[in-house]
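Work the whole structure out from these sequences, hints included.
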Amino acid sequence: MTLAEKILAAHAGKDRVEPGELINVRADVVMGNDITAPIAINEFRKLGVSKVFDPQRVVLVPDHFVPAKDILSAENAKLLRDFSREQGSVFFEVGNMGIEHVILPELGLVLPGDVVAGADSHTCTYGALGAFATGMGSTDIACAMATGEVWMKVPPTIKIVYHGQLPPWVGGKDLILFTIGQIGVDGAIYSAMEFSGQAIESLSMDSRFTMANMVIEAGAKAGLFSVDAKTLEYVRGRAKRPYTVYQPDGDARYSQVLEYDVSSLEPQVALPHSPANIRPVSQAGDIAIDQAVIGSCTNGRLGDLRIAAQVLRGKSVNPNVRCIIIPGSQEVYLQALREGLIETFLRARAAVSTPTCGPCLGGHMGILAAGERCISTTNRNFVGRMGSPQSEVYLAGPAVAAASAVAGRIVGPEEVLK
Amino acid sequence: MPITGRAWVFGDKVDTDVILPGKYLVLSDEGELGKHALEGFDPGFVTKVQPGDIIVGGRYFGCGSSREQAPVALKGVGIAAVVAETFARIFYRNALNIGLPALECRARHLFQDGDPVSLNLETGEIRNLRTGQMAQAKPIPPFMMDIIAAGGLMNKIRVSLPKG
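Quick note, the sequences are listed as chains A and B, same order.
Numbering-wise, the first sequence is residues 1 to 418 according to the numbering used here.
Numbering-wise, the second sequence is residues 1 to 164 according to the numbering used here.
Fair warning: there could be bad hints in the mix.
[Stated by the list, open to error] To spell it out: a stretch of chain B is covered by chain A in this simulated footprint if at least three of its residues, at any positions, have a beta carbon under 8 Å from a beta carbon of chain A; those stretches are: (1) 8–22; (2) 25–33; (3) 47–55; (4) 60–69; (5) 76–90; (6) 143–155.
Everything labelled a hint here was simulated from the structure, so no lab data went into it.
These figures come from a predicted structure and were not determined experimentally.
Note that CB positions come from ideal geometry on N, CA and C, so glycine has one too.
Dropping the structure here:
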């Protein structure tokens, strides 16, 4: 069995499962946020049960429109807060809050071998830990909060092998953008993706989270990494409950095996309006930008901020550009402060925000006017994603976003560091 | 019983940000969400659509976020069903969970905006009543039909839960 099949079989109480099979699985964690959980809570009330299945395993994170950007956002956050108090379930208040997909792994709430059902499409992020994590809607999550179970169709698995060592300034974001460019936004529809190869073995956990985060942008249900020494090192000190490490079988059956040599991969950029509209940064064209956003559940981790600081150190953001940097969690923020990264950002005339999803989905903290262009380390560049339907979002990793903020147009880091 | 309505024909990869822009995710009421259905595609869509209309889309309809507000907005503005060549899995799941029928079928080439559509959920038969042309949708899996027959996932789960 593949890694996904092994985890699902174990959570369905079966010896083995086959792609296409409909199963009921036990969820280790059920998660929602301030835009999906309000509907889930209302639906939960209609079920006529008084308690969630396990308060330690129901996690609500107001992060999208928080600190509350308007009255309705404040009311939605309050709904989550009141429900969590009533249930004794896990909740993160502003000041303690981070972006859900950054803090759940960081605090050991999600662990290897888990099944996670989250009311957010980027729940797939946790696949970096060797977990089966997938996004669902509010009604599914309402039922999962009550029963601790979700139904699933076992997905076929696409194995992707990356040969070679990545060049400098090329990371997880470039690998996943390149892959989406190769297979398309529905190239992995209904499937699980399983990542392996030399480039993956040497990839940091932060870069693995970035890759798993964006498998939904290829249509995948989940994206998984095998647990290795780096995973165990990451989990050590964070895990507060036992967990199980699953590995794919040597004779696992994959629906496709894709192999790429990435030893000469350039930093990648997704042009409007699709995450599959990929160019190497050298071929992105002469694109002037108005804004650069560095953060989000995709690239808001410490490793991302370190890369941005390497580029911005001693430099200034171009006067025509607003550079907005959003650490993904309080812990990331604090560590960035200790390491002097925040000072580097402020001296470079970047704005640094408290954790929030903010501009990524056009919420707040950096909405675009008509005709404006933004280079962003976020995950989607659909029409109107960050504001006006007449604005444009270009997706890239933190190195390209920071370099572009300095240059005022889309460039790779080597162009501003030479 | 077939349902009938006017067709709205869409291309490939209609994403959830276009179906319901992120700024409206503070809303959860079906009627309120319906006022902004497909606003990212055409701000005037809600003034042209009529209750009972049917969306006929292409590949990968509903891609992007998990926002249940996207199918709720379509239902809220009166869309009776969505037919598409393929769906993004979260949108498909959400649509059936909230009682918006979603049928997988390559039918877009048979329709123009405004054509009268007849759609039979049980048999998967989709007919253009203007041209007489017909397409056959993949049947909704029995497991999903159970959810629809129960009136959505909530009703299906409710009967199996202990009270209290």
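I'd like to know which numbered hints this structure contradicts. Please list them from smallest to largest. 3
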